[in-house]
Amino acid sequence: MIQNDTRLFKYPKFSDLIIHEDDNLIVINKPPFIASLDEREGGEVNILRLAKRYYADAQICHRLDKDTSGILLIAKNPATYRLVSIEFEKRRVNKIYHAIIQGTHTFDNLKVDLPILNQGNKNVSIDRANGKPAETIFTSIRYFKHFTLVECKPITGRMHQIRIHLATQHAAIVGDAMYRGKPVFLSQIKKRGFTMSKDEEELPIMKRFALHSKRTDFVIDGKSYSFEADYPKDFATLLKQLEKFDT
Numbered sequence: 011m012i013q014n015d016t017r018l019f020k021y022p023k024f025s026d027l028i029i030h031e032d033d034n035l036i037v038i039n040k041p042p043f044i045a046s047l048d049e050r051e052g053g054e055v056n057i058l059r060l061a062k063r064y065y066a067d068a069q070i071c072h073r074l075d076k077d078t079s080g081i082l083l084i085a086k087n088p089a090t091y092r093l094v095s096i097e098f099e100k101r102r103v104n105k106i107y108h109a110i111i112q113g114t115h116t117f118d119n120l121k122v123d124l125p126i127l128n129q130g131n132k133n134v135s136i137d138r139a140n141g142k143p144a145e146t147i148f149t150s151i152r153y154f155k156h157f158t159l160v161e162c163k164p165i166t167g168r169m170h171q172i173r174i175h176l177a178t179q180h181a182a183i184v185g186d187a188m189y190r191g192k193p194v195f196l197s198q199i200k201k202r203g204f205t206m207s208k209d210e211e212e213l214p215i216m217k218r219f220a221l222h223s224k225r226t227d228f229v230i231d232g233k234s235y236s237f238e239a240d241y242p243k244d245f246a247t248l249l250k251q252l253e254k255f256d257t
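Sequential numbering of the sequence shown, starting at 11, is according to the working numbering.
Check the hints yourself; a few may be wrong.
[As the list claims (entries may be wrong)] Using 30 Å as the maximum straight-line C-alpha spacing, the simulated DSS-like pairs for lysine-lysine come out as follows: (1) K163 x K208; (2) K62 x K100; (3) K142 x K23; (4) K208 x K142; (5) K121 x K23; (6) K243 x K62; (7) K163 x K100; (8) K233 x K192; (9) K243 x K208; (10) K217 x K201; (11) K163 x K201; (12) K100 x K233; (13) K121 x K200; (14) K155 x K86; (15) K250 x K86; (16) K76 x K217; (17) K201 x K254; (18) K132 x K142; (19) K132 x K86; (20) K163 x K243; (21) K142 x K163; (22) K254 x K243; (23) K121 x K132; (24) K243 x K217; (25) K76 x K208; (26) K201 x K250; (27) K121 x K86; (28) K200 x K254; (29) K76 x K243; (30) K100 x K155; (31) K201 x K62; (32) K155 x K62; (33) K86 x K208; (34) K217 x K250; (35) K132 x K62; (36) K86 x K163; (37) K100 x K86; (38) K201 x K23; (39) K243 x K155; (40) K23 x K62.
By construction, these hints were calculated from the structure, which means they are not laboratory data.
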C-alpha cells in the first residue's frame with residue numbers, strides 16, 4: 011500500500027522550477043508540499059533555502075501556503091526586493107489563482123469583502139469588528155457535475171484569504187480540511203468499472219487542497235512583467251479525471 015505521506019515527496023532541483031530569470035528577479039513555479047519560508051519548527055527544506063543555494067542574495071518577495079503551488083517571486087538584490095514589496099503593499103500586483111471547489115457555483119465577478127482576523131498559529135477567522143479588510147473576486151471558469159474550477163483574484167493579501175472567503179460561499183476548496191473541504195476520490199466520480207482489493211486503501215486524487223497561483227502581473231521601474239505557471243501534475247490530473255468522469 012502506498013502511504014499518503016508528504017514526507018515521501020522528493021524536493022526538486024531549484025533550477026528546474028525557474029520560469030524566468032534576469033539580473034534582478036527569479037520567478038519560479040513553486041511545487042506543493044514545500045514551505046516558502048522557514049516554518050516555526052525549522053529544519054525543513056523550504057524555497058528560501060533552495061533559492062539561497064542557487065543565488066546567495068535571494069529574498070522571497072511574498073509567500074504561498076505550503077500546499078499551494080504556482081508563481082513565486084524572488085528578488086536577487088535588496089533594491090528589487092524593496093520595489094516588488096512596495097507594489098504588493100500598494101496592491102498593484104495583479105494575482106490570479108485557480109481553485110477547484112466543491113459544488114457547482116456560478117460566480118461572475120463575485121466580490122467577497124469580509125475582514126479577516128489573524129488569530130496566530132496559522133488560524134484565521136472572519137471578524138467584522140476586529141479583522142483587517144480583505145477582498146477577493148471570484149469568477150467560475152469551468153463547470154463539472156459536482157465541482158467548479160474558479161478564478162480567484164485577491165485584492166488584498168491576508169493569510170488564507172482565498173480559502174476562507176470561498177468557504178463563506180459554501181464553496182470550500184477540494185481537500186482543504188481546515189475549511190471543511192473534502193478530498194476527491196476516483197471511486198466517487200467513476201461509478202462504473204472502479205475496483206479495488208479489500209485490503210487496499212484508496213487515496214485521494216490530490217493529497218492537498220486544490221489551489222494554484224496561476225498568473226502574476228506587475229510593473230517595476232516602468233517595466234511590465236507578466237508570468238504564468240502551468241498546473242502541477244496533481245492539479246492537472248484531478249482536472250483530467252473530472253473532465254472524464256464528472257461532466
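Status of each hint after checking the structure:
{"no.": "1", "hint": "K163 x K208", "result": "violated (43 Å)"}
{"no.": "2", "hint": "K62 x K100", "result": "holds (27 Å)"}
{"no.": "3", "hint": "K142 x K23", "result": "violated (38 Å)"}
{"no.": "4", "hint": "K208 x K142", "result": "violated (50 Å)"}
{"no.": "5", "hint": "K121 x K23", "result": "violated (38 Å)"}
{"no.": "6", "hint": "K243 x K62", "result": "holds (26 Å)"}
{"no.": "7", "hint": "K163 x K100", "result": "holds (15 Å)"}
{"no.": "8", "hint": "K233 x K192", "result": "violated (42 Å)"}
{"no.": "9", "hint": "K243 x K208", "result": "holds (28 Å)"}
{"no.": "10", "hint": "K217 x K201", "result": "holds (21 Å)"}
{"no.": "11", "hint": "K163 x K201", "result": "violated (34 Å)"}
{"no.": "12", "hint": "K100 x K233", "result": "holds (17 Å)"}
{"no.": "13", "hint": "K121 x K200", "result": "violated (34 Å)"}
{"no.": "14", "hint": "K155 x K86", "result": "violated (45 Å)"}
{"no.": "15", "hint": "K250 x K86", "result": "violated (37 Å)"}
{"no.": "16", "hint": "K76 x K217", "result": "holds (13 Å)"}
{"no.": "17", "hint": "K201 x K254", "result": "holds (12 Å)"}
{"no.": "18", "hint": "K132 x K142", "result": "holds (16 Å)"}
{"no.": "19", "hint": "K132 x K86", "result": "holds (28 Å)"}
{"no.": "20", "hint": "K163 x K243", "result": "holds (23 Å)"}
{"no.": "21", "hint": "K142 x K163", "result": "holds (17 Å)"}
{"no.": "22", "hint": "K254 x K243", "result": "holds (16 Å)"}
{"no.": "23", "hint": "K121 x K132", "result": "holds (24 Å)"}
{"no.": "24", "hint": "K243 x K217", "result": "holds (12 Å)"}
{"no.": "25", "hint": "K76 x K208", "result": "violated (33 Å)"}
{"no.": "26", "hint": "K201 x K250", "result": "holds (16 Å)"}
{"no.": "27", "hint": "K121 x K86", "result": "violated (35 Å)"}
{"no.": "28", "hint": "K200 x K254", "result": "holds (9 Å)"}
{"no.": "29", "hint": "K76 x K243", "result": "holds (16 Å)"}
{"no.": "30", "hint": "K100 x K155", "result": "violated (39 Å)"}
{"no.": "31", "hint": "K201 x K62", "result": "violated (48 Å)"}
{"no.": "32", "hint": "K155 x K62", "result": "violated (45 Å)"}
{"no.": "33", "hint": "K86 x K208", "result": "violated (53 Å)"}
{"no.": "34", "hint": "K217 x K250", "result": "holds (16 Å)"}
{"no.": "35", "hint": "K132 x K62", "result": "holds (25 Å)"}
{"no.": "36", "hint": "K86 x K163", "result": "holds (27 Å)"}
{"no.": "37", "hint": "K100 x K86", "result": "holds (21 Å)"}
{"no.": "38", "hint": "K201 x K23", "result": "violated (39 Å)"}
{"no.": "39", "hint": "K243 x K155", "result": "holds (22 Å)"}
{"no.": "40", "hint": "K23 x K62", "result": "holds (13 Å)"}
Violated hints, in rising order: 1, 3, 4, 5, 8, 11, 13, 14, 15, 25, 27, 30, 31, 32, 33 and 38; the structure is consistent with all others.
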